[in-house]
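When you get a sec, could you build the whole thing from the sequences and use the hints?
One line per chain: the protein sequences are E and A, in this order.
With numbering that gives the first Met the number 0, letter number 79 in the first sequence gets 78, and the count goes up by one each step, no holes.
With numbering that gives the first Met the number 0, letter number 90 in the second sequence gets 89, and the count goes up by one each step, no holes.
Just so you know, not all the hints are guaranteed correct.
Taking lysine-lysine pairs in the DSSO-like style, the calculated list, with each CA pair at most 27 Å apart, reads [claimed, not checked]:
| id | chain 1 | residue 1 | chain 2 | residue 2 |
| --- | --- | --- | --- | --- |
| 1 | A | K116 | E | K142 |
| 2 | E | K101 | A | K233 |
| 3 | E | K114 | A | K239 |
| 4 | A | K41 | E | K77 |
| 5 | A | K103 | E | K25 |
| 6 | A | K265 | E | K81 |
| 7 | E | K63 | A | K48 |
| 8 | A | K261 | E | K88 |
| 9 | E | K52 | A | K109 |
| 10 | E | K25 | A | K63 |
| 11 | E | K81 | A | K239 |
| 12 | A | K230 | A | K212 |
| 13 | E | K81 | A | K41 |
| 14 | A | K239 | E | K143 |
| 15 | E | K81 | A | K261 |
| 16 | E | K94 | A | K233 |
| 17 | A | K109 | E | K49 |
| 18 | E | K63 | A | K41 |
| 19 | A | K48 | E | K49 |
| 20 | A | K230 | E | K101 |
| 21 | A | K207 | E | K143 |
| 22 | A | K48 | E | K75 |
| 23 | A | K265 | E | K88 |
| 24 | A | K239 | E | K101 |
| 25 | E | K81 | A | K48 |
| 26 | E | K117 | E | K101 |
| 27 | E | K77 | A | K48 |
| 28 | E | K101 | E | K81 |
| 29 | E | K81 | A | K63 |
| 30 | E | K94 | A | K261 |
None of these hints come from the bench; they were simulated from the model.
Every value quoted in this text rests on a predicted model; they were computed, and no experiment measured them.
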Amino acid sequence: MFKTIWGSDKAVASVAATSKIFIRGKQKAAMTPSTQRIVNQLSALSASRKQPKLLSLCNEDLIKNRTITNAWNVYKRKLFQKRDEQFEKQYNSIKNAMEDLKQTSPELFELANAKEQKRFPLEMRIPTDFPPNQPWVYNYAPKK
Amino acid sequence: MRGLSGNLSRVGLVRAYSTANPTVSSTLILSRNPVITADVPKFEAQYYKYQNELWRRLMWTFPKWFYFREGTLAEQRFRQLNKDPVADNPNIEFPRGRPQIRHKRDRRFKQELKLPKTYKEADELEPAELEQAQDTITEDDLARKIVPNSRTTKADQENDLTSLERKLSRTLYLTIQNGSTWILPNFPEPSSEQVTALHTLAEEGLYKIGGEKINYFNVSNTPCHVYNNSKDNKKEYFIKSHILSGDFQPQDKSMKFLWLTKEELKTHLDKEYYQDIEHLLSEI
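Following this line, the structure appears as structure tokens:
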């Protein structure tokens, strides 16, 4: 160790040169840019000094919050019930129709149940919040 | 009450015996699916607002240093728009509680950020600039303000019931006039020896009355409902399909047709008929 530091005149000269530079404040280890980047990224993810104050609701606000949540649950439950009832009705009416068709006309029943490769149409649109510039496509020409 | 219903059923029985097999027919429920999302009911809108405010209040502070490097122009613009909150000064009384500043955010409240815009709002412009701005705005200018199209269309304002562009947020159903009543298009099975499948019958019938410029998607070949029409001695099997593009152009000039929502169908269709098919129609 000793040998390596005082090993040559060159090394001694360089040590003397650096010790003359005075740096104010606490000395930080120099970071390579890649390390700095990782530190930056972690600082964005970490919770330190970024969390807001905890919500402390008074009794009245707590009751309000509970009432709102209950009202929402009741509302949703009613919607789901209505939807389920509709689904059940639809299922029963399909079943009923098919059994009726089997009785009335077995040929039509066979035709209705014939396997066919159906493709989902690419033209079908998913609803968006605002309509497109042209809300409906009128110029459709059937395939020949 | 009991006597009445007994009478009715007896009438039905007599009819069933007196006539031969009822004619099989195919009824088409042709729907135009919603183009835009459903309107949010008032209660839902209020609840979502409440939840959104709670969520914003509990959000972490925006790590500005990560998105805007110090000393850059972008960071300067961001700083100009987002002024620092009032600092906590021990010599000042704060009647509504001391500010708790962390990373230049008062952690007692939600953080509201403004981002630099590429355009000026109408109220920020000078009158002279306003005229100029209207002239210079072009469709392909990337810096222009994006204004979404209106959710109500021209057809809504004119209350054009035959337009496919009306009530974009609802499902519309095709109804046609049969004599004095409105019905869903119905096509009886031809009386020849050979039978036609219900969905082909519906398709051919639709093309016959509405022209071939209709692009439609038939969901299933199986009927979804059966309606016993005792008046015409008919069995109506319902086939569901969606119109995707094109237009319904009546081939017979005297035929009237409408595109209606579920509620409007209730007022147009026969009461008993509507109650029988009510569950097949979409609320949205």
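Hints, verified against the model:
1. A:K116 with E:K142: Violated - the C-alpha atoms of K142 (chain E) and K116 (chain A) are around 47 Å apart, more than 27 Å.
2. E:K101 with A:K233: Since the Cα atoms of K101 (chain E) and K233 (chain A) sit roughly 16 Å apart, the hinted pair holds (cutoff 27 Å).
3. E:K114 with A:K239: It holds: about 17 Å lies between the C-alpha atoms, which stays within 27 Å.
4. A:K41 with E:K77: With a Cα-Cα distance of about 16 Å, the restraint between K41 (chain A) and K77 (chain E) holds, given a limit of 27 Å.
5. A:K103 with E:K25: 24 Å, holds
6. A:K265 with E:K81: Since the Cα atoms of K265 (chain A) and K81 (chain E) sit roughly 18 Å apart, the hinted pair holds (cutoff 27 Å).
7. E:K63 with A:K48: Judged against 27 Å, a Cα distance of about 15 Å means the pair holds.
8. A:K261 with E:K88: 17 Å, holds
9. E:K52 with A:K109: 10 Å, holds
10. E:K25 with A:K63: 25 Å, holds
11. E:K81 with A:K239: Holds, at roughly 21 Å.
12. A:K230 with A:K212: Between K230 (chain A) and K212 (chain A) the Cα gap is close to 33 Å, so the pair fails against 27 Å, i.e. violated.
13. E:K81 with A:K41: 19 Å, holds
14. A:K239 with E:K143: Roughly 24 Å separates the two Cα atoms, so the pair holds.
15. E:K81 with A:K261: 16 Å, holds
16. E:K94 with A:K233: Holds, at about 19 Å.
17. A:K109 with E:K49: 12 Å, holds
18. E:K63 with A:K41: 18 Å, holds
19. A:K48 with E:K49: The given pair, whose Cα atoms are some 24 Å apart, holds under the 27 Å limit.
20. A:K230 with E:K101: 23 Å, holds
21. A:K207 with E:K143: Roughly 17 Å separates the two Cα atoms, so the pair holds.
22. A:K48 with E:K75: Within the cut-off at roughly 17 Å; holds.
23. A:K265 with E:K88: Measuring from Cα to Cα gives roughly 18 Å; hence the hint holds.
24. A:K239 with E:K101: Holds, at roughly 19 Å.
25. E:K81 with A:K48: Holds, at about 25 Å.
26. E:K117 with E:K101: Holds, at roughly 23 Å.
27. E:K77 with A:K48: 21 Å, holds
28. E:K101 with E:K81: 30 Å, violated
29. E:K81 with A:K63: Violated, because 47 Å separates the two Cα atoms, which is more than 27 Å.
30. E:K94 with A:K261: Holds, because 23 Å separates the two Cα atoms, which is no more than 27 Å.
Of the numbered hints given earlier, the model fails hints 1, 12, 28 and 29; all others are met.
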